[in-house]
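Novice: Chains as they are written, first to last, in our numbering: chain W, 63 to 303; chain H, 769 to 1030.
If you're looking for bench data, these hints aren't it; they were derived computationally from the structure.
Check before you lean on any hint, since a few could be wrong.
[What the hints assert, rightly or not] Where chain H lies over chain W, by a calculated footprint (3+ residues, C-beta under 8 Å):
#, segment
1, 149 to 160
2, 163 to 177
[To be verified] Each computed PhoX-like pair below joins lysine-lysine, with the alpha-carbon atoms no more than 20 Å apart:
#, chain 1, residue 1, chain 2, residue 2
3, W, K131, H, K1021
4, H, K799, W, K131
5, W, K131, W, K70
6, W, K76, H, K991
7, W, K140, H, K821
8, H, K908, W, K131
[Unchecked claim] To give an idea of the chain W side of the interface with chain H (calculated C-beta under 8 Å), a few residues:
#, residue
9, I110
10, L112
11, V136
12, R139
13, Y144
14, K236
What you are looking at is a predicted structure, and each value in this text was computed from that prediction instead of being measured.
Ideal Cβ positions, reconstructed from N, Cα and C, are used throughout, including at glycine.
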Amino acid sequence: MIEVSDFKKSFGSKQVHKGVSFYVKTGECLGLIGGSGAGKSVILRSLIGLERPDSGKIVIDGTEVTALKERDLVEIRKKVAYVFQGGALFDSMTVFENLAYPLREHTKLSESEIRRKILHQLEEFGLGGNENLLPASLSGGMQKRVGLARAMMMSPEVVLYDEPTAGLDPYNTKKIQEHILDLKRRGVTSILVTHDMPTAFAVCDKLAILLNGRIEAQGTMEQLEKDSKGLIAKFINGEAA
Amino acid sequence: MSALSAPLGAFLFESLHILGGMGILSGRILKDLFLGRFYLRLVVEQVYIIGMKSLPLILITATSIGMVMSLQFGLGLEKFGGKMYVPKLVTATILREMGPVFTSLMLAARVGAGIASEIGSMVVTQQIDAIRALGTSPIKKIVIPRVLACLITLPLLVGITNFVATLGGLVIGTTELNLDANFYYLKVLSTAGISDYVSGIGKSLFFALFISIPACYYGLNVKNGTKEVGSATTKAVVVASILILVGDFFLSKLFWVVERWV
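Here chain W stands alone, though its shape is the one from the complex (with noise of 0.2 Å):
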């Protein structure tokens, strides 16, 4: 469904990504760990053509990413959603507005249609009674999930998380997961960008560490959960970045 080859990409003279490559399956959630400055969230964004790799090939469902122009990236983004860490809410619209955004953009729906979407979307992230806010007026708590419930508005077949659950206390954390796992049950791919390690024991099928610019282990869960000495049992204990 979605494999990364040889991803490489530089900033200035610091080459961050040396050769970045894996794959997810469809359905599979993969927790994408490493330390800060790792170049996690390039990769995140470079999935959905947000960023541009020096070299190396992006394929999502077929589709070779690196290859499409701007224009042509509509189709993936509509199909992809991102969950930014901070909600990237349009904070000159309503909650309502934001969710409006991409069904108002991208299908031809009434206007009732969309009222209804919406409220049933805000009732199921547990936002009801809060569409006329304005994003300031929101909680970072609620400022993610209504986020969430933005980018899940075109019920895509992947979604990419970088960090959802960052900053967020025990309560919204859980939301969130909740949410992912939900979303999982649907069958939505998806890589989540954490440094929450209960959250990607929590969702993920798999983990994969970003360490000097490549891919320098993953496993399933359970491979993890056994090896106890591996690269990624010692960045969760603290003893490797």
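Starting from the known structure of chain W, arrange chain H on it as the hints suggest.
Specialist: Chain H alone, transformed into the frame defined by chain W:
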């Protein structure tokens, strides 16, 4: 020599880089303008923000320009007995130069700064990325409505400036210079030719681009967090002002040549 050439080289390189960037942005605007969906509602919204909200500033500036010019020309020409030329001079100067230039400079300060800081903040808070991630184009949703709104509103604002500034000149002409109001009015009408309007309004179309394109360019190119939003805003206003002032000379020349040719 080398101590001088290094900064000069860096300045030239930076200038070319900026001009190239703005050229690429202009190309994308032109391309996207005729392809796909057109967001009329966003253009109307921007016309209101850029045009209506700039109106008080423009009215104050226009009144002030007209009154000051009338007074200064009057005081200067009075010594030579040329007070009766004040209406002619004030009108021609306002229509051809002061109206478009002052209105554009005011708009560069208010609107150019606003556009650059708004887009810059959207970049920092990943809202521009979100527009792209949701399968839409920031050029279509953000840039084109602002550029078109500037192109629509600036000529209209220049028209208002011309009228108000002329009125300001007339008030001072009659009250301070003791010119007859009817005489002043008739002189204004006989002076203002179609070429004066075409030159002034024509220039304002170019000035609209000089304001909106650098503002969008600097806003979209904010890279290092909120700190850079401020400097992007400053650069947008400085570049727009320079382009307006330098461009004014070349555009005046251009319209002068065209007038002679026509």
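Novice: Find the hints from earlier in the document that the structure breaks and name them by number, from lowest to highest.
Specialist: The structure conflicts with hints 3, 7, 14, although it agrees with all the remaining ones.
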